[in-house]
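J.: Now for the letters of each chain:
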Amino acid sequence: MSKKLETELYKAATLTFEELGFLLPTPEIDEQQLNAQVEAAVSVDFEGPFSGKLLVRVCGGLLPIIAANMLGEDDVPSKSLQYDALGEIANVICGNMLPGIAGSKDVFRVSSPKMAESIDSPAVAEVQVGLGLGRADLLLFVSRYPALTEE
Amino acid sequence: MALNILVVDDSSVMRAIIIKTLHLSQLPLGEVHEAGNGQEALKVLDGKWIDLALVDINMPVMDGEEMINRVRQNPATADLPVIIVSTEGSETRKEGLLEKGAGFVHKPFTPETLRDAILRTLGGLDEQKAGDGTLQGGHPDF
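Taken in order, these protein sequences are the chains called Z and C. As numbered in the working numbering, residues 8 to 158 make up the first sequence, in order. As numbered in the working numbering, residues -2 to 139 make up the second sequence, in order.
Simulated from the structure, these hints should not be mistaken for laboratory data. Note that this is a predicted model, so its numbers are computed, not measured. Take these hints with a grain of salt, some might be off.
Computed Cβ-Cβ distance ranges for the label pairs, DEER-style [as the list claims (entries may be wrong)]: (1) C/Gln23 to Z/Ser85: 25 to 33 Å; (2) C/Thr107 to Z/Ile36: 35 to 43 Å; (3) C/Asp43 to Z/Glu46: 27 to 35 Å; (4) Z/Asp37 to C/Asp76: 54 to 62 Å; (5) C/Ala73 to Z/Glu46: 43 to 51 Å; (6) Z/Ile36 to C/Arg67: 35 to 43 Å; (7) C/Asp113 to Z/Thr14: 29 to 37 Å; (8) Z/Gln39 to C/Ala73: 52 to 60 Å; (9) Z/Gly55 to C/Leu26: 56 to 64 Å.
Glycine included, every Cβ here is placed at the ideal spot set by N, Cα and C.
All chains should be built: construct the whole structure from the sequences, respecting the hints.
T.: Laid out in structure tokens, this is it:
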């Protein structure tokens, strides 16, 4: 089940980074991307037939690049806009991932993005996406997910 | 016919992306207004003439679904063309919104997708002359 979650998470993330952030994922993650320092993290909560949280963490100077790309600006957007842009990325990834893991009938309510708090439970799925000189980490936390409980 | 458009989304970045797309779309734009949630949007609709609303679903204070319900219940705004711009993936929820007469654009979207959805909703896609940015007709198709 974890493999399916990771596949859906990766698919949603690469689509969103490409089409919304105008960043092409690299086929593999190299040493520089792997060692890039975490610069920001946001999360969105979702509630429905099961509930949970998606956390998106960017590393290696991606935060201002994502915002500038999304806004089509040459200048570096304000810090607030940079976080808003990353929040929207997380929101879109979450919205695109949920039908893939739950089916298209179930209704979920996705909360507004917020700056991520500390991680207090293990992720059920975690993927990394190489982007330019940096990378994005995506961690999925769920509760009350029947298929996972059965494992 | 210049279109007055209301963009409703709790993300300032997404509002900026939508407005930028509108300016690139060659649609005849009038005033473009912004609101951060459904309640703010209803206030704008109360005081301004709006030809089309582009509305997110998941927002704090008042979500897009509740906003559309209120818009449809008010005789002054009941026929307002609305397009949902959202990540919503549930067919159940989408069908409910389509029954309320809303169009739908899935995030992430390309500028062409948004432009075509606007033209379809306003009834001008088939009648628009290629590239001249002129909307013919302008009747909602619901």
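J.: Does the Cβ distance between C/Thr107 and Z/Ile36 fall inside 35 to 43 Å?
T.: violated, 28 Å
J.: A range of 52 to 60 Å was offered for this pair. Does it hold for the Cβ distance of Z/Gln39 and C/Ala73?
T.: About 58 Å separates the Cβ atoms of Z/Gln39 and C/Ala73, which means 52 to 60 Å holds.
J.: Do the Cβ positions of Z/Gly55 and C/Leu26 conform to the proposed distance bound of 56 to 64 Å?
T.: Violated, at about 37 Å.
J.: Within 54 to 62 Å or not, the Cβ separation of Z/Asp37 and C/Asp76?
T.: Between Z/Asp37 and C/Asp76, where Cβ atoms are some 56 Å apart, the hint holds.
J.: Can you let me know if the beta-carbon spacing of C/Asp43 and Z/Glu46 is within 27 to 35 Å?
T.: Distance hint for C/Asp43, Z/Glu46 is violated at roughly 42 Å.
J.: Given a hint of 35 to 43 Å, does the C-beta separation of Z/Ile36 and C/Arg67 actually sit inside it?
T.: Violated - the Cβ-Cβ distance for Z/Ile36 and C/Arg67, about 48 Å, lies outside 35 to 43 Å.
J.: So does C/Ala73 sit 43 to 51 Å from Z/Glu46, Cβ to Cβ?
T.: holds, 48 Å
J.: Taking the Cβ atom of C/Gln23 and the Cβ atom of Z/Ser85, is their distance within the range 25 to 33 Å?
T.: holds, 30 Å
J.: Could one say that the CB atoms of C/Asp113 and Z/Thr14 fall in the range 29 to 37 Å?
T.: holds, 30 Å
Figure legend: structure checked against the earlier numbered hints; hints not met, in rising order: 2, 3, 6 and 9.
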